[in-house]
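> The whole structure should be built from the sequences, with the hints applied where relevant.
These protein sequences, in sequence, are chains A and B. The working numbering numbers the first residue of the first sequence as 1 and each following residue consecutively. The working numbering numbers the first residue of the second sequence as 243 and each following residue consecutively.
Read the hints as simulated data drawn from the structure, not as lab findings. Everything numeric in this text was worked out from a predicted model, so none of it was measured. Treat the hints with care, as some may be off.
What the hints assert, rightly or not - Some but not every residue of chain A turned toward chain B, in silico, with C-beta under 7 Å: (1) A34; (2) G115; (3) I123.
Said to hold, decoys possible - Derived DEER-like restraints, expressed as beta-carbon distance ranges: (4) A341/B - W38/A: 46 to 54 Å; (5) Y51/A - Q330/B: 30 to 38 Å; (6) C266/B - L166/A: 16 to 24 Å.
C-beta atoms are modelled at their ideal positions from N, C-alpha and C, and glycine is treated no differently.
One-letter residues, chain by chain:
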Amino acid sequence: MNRTLILFRRELLALMAAPGTWVLVGLSWLWLGALYRWQVLPSAGHGDLQYMLWQGTLHAVNMQILFVPLLTMRCVSEEKRSGTIEMLVTAPVGDHEIILAKFAAAWVVNILLWGVLPLYSLIAQQTGGDPDWGPVFAACFALLGAGAVLTAIGVFASSLTQNQLLAAFIGLLLTFGFLYAPRLVPADWTWTQGVLASGDLLRQVEEAARGIIDVVAVTFQICMCALFLLFATRSLEVRKWA
Amino acid sequence: MGLKQGGMTRAWRTGVFANVVLICALAASVAVGTITLVRQLSWQHDLRFDLTAERTYSLSAADTSMLRALEAPVTVLFAWGVDRDIAQRVLDAQGAPRADLLAQHYRPLLQDAARRVHRVLEEWSHVTPHLTYNVIDADSAPRELEIEARRLGYNPEDLLNTVLLVQGSRRREIPLRRMMHAVQWGFFPAVAGALPRFPQPPSSWGISEELAPALRALCSGSMPLVGVVVGHDSLIETGSRAFADLGAFLQSEGYEGRALEIARAESLLPFACIIVPAPKKPLSARDMEQLRDYEQAGGRILLIGDPRFAEDYARLLEPFGTRLLSQVVDDRRLRDPSRESAADLQSMSFCVGQHAVDSPLKDRAALYLGPTRPIQVGTDHAPGVERVPLLRASADADAIPVTHDSSRGTYAAIEGQRSKAANAILGVAVNRTHQGSARESRVIVLGGGGILSPDEFALATHFGNRDLLLNCMTWLCDRPFSPQQSAREEARPRLVSVAALSNPLRWVAVIVLPLLAFAVAIAVHLVRRSP
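Structure, rendered in structure tokens:
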């Protein structure tokens with residue numbers, strides 16, 4: 001665990017010390033802020049804070065489809081490209097510790113990407129609104145979970161190749177597919193609807209943004225996160241042994 | 243690199259791949275198994291936490307237990323969109339519906355209703371694996387509605403703006419309009435210059451309140467038999483629209499309504515309840531005797547009085563010390579302002595609130611009683627009788643004696659004999675236990691026939707009438723009262739002024755925060771470049 005923490009600190013520092021990370025954070029804040037100001041907030045009259053939170057949360061998830069692969073594309077592929085992966089895998093740390101540390105660092109930055117969302121509710125409160133903080137908390141909780149799953153997918157995509165652009169592209173496809181595949185299934189495929197409904201990450205976030213935390217959704221997110229991290233670990237292991 | 247080329251054979255590599263694939267497949271199976279297990283657990287225990295301040299998404303205990311008790315699959319189909327009635331309200335000079343008005347005024351109203359129904363169904367589907375639902379926007383996907391309607395043997399138009407509950411061969415249809423309390427649909431005249439009446443959204447919504455009893459009724463299996471007395475030229479006679487509406491209502495609430503000619507009936511005992519809907523021709527002595535025997539055997543009767551007709555059920559009500567007076571209540575405080583006669587009673591203030599039948603409706607639902615007879619509750623009654631007033635007139639009410647003209651269905655008020663009738667009783671629930679009968683007999687007397695008036699009852703402009711009748715049936719047939727029979731408070735919207743919020747939001751969210759992040763990026767870049 002200690003080794004994982006040391007690795008995590010190293011990864012986080014590396015990410016924070018990269019100007020690209022802050023450009024990404026700035027772009028995501030600008031994106032979210034602009035959408036919230038010009039699309040979510042009505043043009044006149046009164047805005048429904050609950051609806052605004054719901055819309056803002058969905059924008060924050062959709063934004064991650066693009067930003068998470070960009071954030072995670074370097075995680076493993078850069079180490080592979082530069083050859084530092086050989087040093088890392090021969091060091092006295094397990095593959096799972098490497099992946100876990102890289103994931104945790106990327107996840108922290110991912111939280112930064114959408115972390116401004118509760119601030120908008122705070123601004124609304126300061127300007128005379130009365131936001132319901134329960135749904136705000138639930139939305140943040142769901143974004144944490146969804147962010148973890150998407151970051152794990154990004155790390156997995158990065159572990160597949162040493163080409164960063166290819167890793168970003170694979171990550172983009174996987175995150176988009178993971179979020180939207182349950183909705184692309186035709187309505188008359190009724191047998192798949194029930195199965196896919198429980199794995200609809202977007203729906204889980206929508207529900208949370210209304211103020212509901214569902215233990216089934218949290219379990220799903222934890223399992224999917226663990227599964228993709230395991231895939232990433234195995235992908236690293238395959239490279240070592242095969 | 244050394245490791246990779248360290249003499250690994252092809253078989254070794256294949257073995258590693260197989261090992262990895264196996265572990266991944268195993269892990270995926272464990273994940274799917276865990277999710278399925280937790281999902282199964284969620285059907286039995288509440289694993290969802292409603293964090294909203296008003297507990298907006300928390301189902302009542304009654305709803306949850308009802309849904310968890312579902313054993314057979316229930317399918318819900320809800321199709322919404324512009325129906326024939328709505329289209330008729332926006333016809334242009336050529337008689338075609340105007341798409342712009344529909345899109346501007348009616349679609350948003352329907353969309354809001356659909357969103358609310360969808361939300362309730364979604365909440366339900368989280369509680370039980372046996373409930374599946376399909377919500378169809380018929381304007382966007384008419385083909386989908388047509389396929390579903392044909393599959394279920396319906397005309398697509400008949401399913402529009404209706405929630406259809408299906409369990410096996412049993413079905414319940416609940417019109418959307420019933421869930422939209424006091425909605426004003428408005429109209430747009432085709433004639434140039436004529437003023438339109440814009441549609442107004444409902445004053446409140448009753449989605450769970452309508453769907454939950456219908457689902458309960460659908461799944462309850464046996465349906466209590468309710469006899470509606472006919473053959474006396476009553477307010478409700480077989481073949482009339484009122485009879486069809488009442489029958490549909492009873493069926494939707496899980497009762498089997500059946501026309502009952504007392505004289506021809508072998509026995510009244512199979513009936514869980516009998517409704518006597520203000521007979522124009524008085525009941526014969528034999529009919530009355532049969533009804534009395536039924537009551538004494540623990541029967542349940544709903545008696546409707548009307549000042550236009552002479553029938554006062556005196557023989558039946560005598561043991562209860564209760565009498566329908568040959569008078570009409572004139573109450574200027576509780577009258578229907580849109581009608582000329584002060585005797586046409588309509589208000590939200592009738593309910594006394596001391597009985598399970600009327601307390602959920604007190605000050606919440608408007609009732610239309612029409613011309614109403616006062617009910618005298620005297621001191622002389624049989625032992626063991628309990629009497630609870632349900633409906634009362636106001637303190638300013640008068641009572642005017644009337645003469646009935648049953649042949650024409652009218653009454654003549656004798657104005658000269660007007661007297662004060664402050665807080666006159668307009669509805670009463672009575673019950674008693676007979677020696678030798680295990681079952682308590684129950685009778686509800688309502689003084690106004692307007693309660694069954696088709697316009698107010700079925701067109702759902704006065705929802706209190708339906709609710710009162712439902713509560714009467716629930717009490718008479720000894721069914722459990724559902725909390726949904728009282729309106730649930732709507733969560734208040736949390737609004738913020740756009741004018742107040744837009745500037746701070748623009749400065750903080752769009753300018754300051756992103757600039758801060760970009761400034762950090764530049765700073766990091768400069769620090770990295772410096773030696």
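> Give a verdict on every hint.
The hints, checked one at a time:
Annotation: A34/A was flagged as interfacial toward chain B, and the flag holds, the nearest CB pair being 6 Å apart, inside 7 Å. At a threshold of 7 Å, the smallest CB-CB gap from G115/A to chain B is about 10 Å, leaving the interface hint violated. A hinted interface residue such as I123/A counts as satisfied when its beta carbon comes closer than 7 Å to some beta carbon of chain B; here the least separation is about 5 Å, so the hint holds. The given range of 46 to 54 Å is broken by A341/B and W38/A, whose C-beta atoms sit roughly 29 Å from each other.
As the Cβ distance of Y51/A to Q330/B is approximately 32 Å, the hint placing it in 30 to 38 Å holds. At about 21 Å, the CB distance of C266/B to L166/A agrees with the hint of 16 to 24 Å.
Hint check: violations occur at hints 2, 4; the rest are consistent with the structure.
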